[in-house]
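Here's the letter readout for the chains.
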Amino acid sequence: KAGVTQTPRYLIKTRGQQVTLSCSPISGHRSVSWYQQTPGQGLQFLFEYFSETQRNKGNFPGRFSGRQFSNSRSEMNVSTLELGDSALYLCASSPRQGANEQYFGPGTRLTVT
Amino acid sequence: KQEVTQIPAALSVPEGENLVLNCSFTDSAIYNLQWFRQDPGKGLTSLLLIQSSQREQTSGRLNASLDKSSGRSTLYIAASQPGDSATYLCAVVDRGSTLGRLYFGRGTQLTVWP
Numbered sequence: 009k010a011g012v013t014q015t016p017r018y019l020i021k022t023r024g025q026q027v028t029l030s031c032s033p034i035s036g037h038r039s040v041s042w043y044q045q046t047p048g049q050g051l052q053f054l055f056e057y058f059s060e061t062q063r064n065k066g067n068f069p070g071r072f073s074g075r076q077f078s079n080s081r082s083e084m085n086v087s088t089l090e091l092g093d094s095a096l097y098l099c100a101s102s103p104r105q106g107a108n109e110q111y112f113g114p115g116t117r118l119t120v121t
Numbered sequence: 003k004q005e006v007t008q009i010p011a012a013l014s015v016p017e018g019e020n021l022v023l024n025c026s027f028t029d030s031a032i033y034n035l036q037w038f039r040q041d042p043g044k045g046l047t048s049l050l051l052i053q054s055s056q057r058e059q060t061s062g063r064l065n066a067s068l069d070k071s072s073g074r075s076t077l078y079i080a081a082s083q084p085g086d087s088a089t090y091l092c093a094v095v096d097r098g099s100t101l102g103r104l105y106f107g108r109g110t111q112l113t114v115w116p
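Here the protein sequences come in this chain order: A and B. So the mapping is simple: the numbering used here equals the position in the first sequence, first residue as 1, plus 8. So the mapping is simple: the numbering used here equals the position in the second sequence, first residue as 1, plus 2.
Keep in mind the hints are simulated off the structure, nothing from the lab. Since the structure is predicted, the reported quantities are computational estimates derived from the model, not experimental observations. Here a beta-carbon is modelled for each residue, glycine too, at the ideal position from N, C-alpha and C. Watch out, some of these pointers could steer you wrong.
To be verified - Only pairs whose alpha carbons sit at most 20 Å apart, straight line, appear in this in silico EDC-like list of lysine to aspartate or glutamate:
{"id": "1", "chain 1": "A", "residue 1": "Lys-21", "chain 2": "A", "residue 2": "Glu-90"}
{"id": "2", "chain 1": "A", "residue 1": "Lys-65", "chain 2": "B", "residue 2": "Glu-5"}
{"id": "3", "chain 1": "A", "residue 1": "Lys-9", "chain 2": "A", "residue 2": "Glu-90"}
{"id": "4", "chain 1": "B", "residue 1": "Lys-70", "chain 2": "A", "residue 2": "Glu-109"}
{"id": "5", "chain 1": "A", "residue 1": "Lys-65", "chain 2": "B", "residue 2": "Asp-86"}
{"id": "6", "chain 1": "B", "residue 1": "Lys-70", "chain 2": "B", "residue 2": "Asp-29"}
{"id": "7", "chain 1": "A", "residue 1": "Lys-65", "chain 2": "A", "residue 2": "Glu-109"}
{"id": "8", "chain 1": "B", "residue 1": "Lys-44", "chain 2": "B", "residue 2": "Asp-86"}
{"id": "9", "chain 1": "B", "residue 1": "Lys-70", "chain 2": "B", "residue 2": "Asp-96"}
{"id": "10", "chain 1": "B", "residue 1": "Lys-44", "chain 2": "A", "residue 2": "Glu-60"}
{"id": "11", "chain 1": "B", "residue 1": "Lys-70", "chain 2": "B", "residue 2": "Glu-5"}
{"id": "12", "chain 1": "B", "residue 1": "Lys-3", "chain 2": "B", "residue 2": "Asp-29"}
What the hints assert, rightly or not - If you want a taste of the chain A side facing chain B, the calculated C-beta under 8 Å gives, among others:
{"id": "13", "residue": "Ala-10"}
{"id": "14", "residue": "Pro-16"}
{"id": "15", "residue": "His-37"}
{"id": "16", "residue": "Thr-46"}
{"id": "17", "residue": "Gly-48"}
{"id": "18", "residue": "Gln-62"}
{"id": "19", "residue": "Glu-109"}
{"id": "20", "residue": "Tyr-111"}
{"id": "21", "residue": "Phe-112"}
{"id": "22", "residue": "Pro-114"}
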């Protein structure tokens, strides 16, 4: 069974631009979560989606948004990029919402210049 | 708010040593605890998941224990190998409204030299 896939793997954007990252969960998994990883803050929770609905949201500004499609694929969008948004963005999937084992993708490395 | 701490932050050992990595969390009302491995610039690989009702889990040379009442977990690595070099992260899932959200520690960076 294929693992969690994320595209693109690497991205370079300029301050003020917006970006969209994509995540395809493991087949049959319906819950998708997003995390931001930086050297300064470590891994921080962004949001969780289940059945196309956002179930949980972390403490990030409204510039960070996401959505989930009927096939469980998820996208996250960051508008008006700032230098501090440079990070590794990780997506995780699990079979159901809630406290199941979570499986992570390889991440998207975003660099904002 | 749940806070997860991992000690030590870094560890460098010769091949063959048995290791203990520590993880502590402030709120004992957890649903489960998960240990991950992360190689540089890569995603997270799940190593072990311990449900709150369990005391330990084992996979190969890895053994993780959980003492929920004291808010502690340990990851034991037997007969370490250079291929074990990576950052090890522990994460907990709280009961309650944030069910499903992982709270991560900052990790222990492990180097095993030949």
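If any of the earlier hints don't hold here, list their numbers in rising order.
Hint check: 3, 5, 10, 13, 14, 15, 16, 17, 18 fail, others pass.
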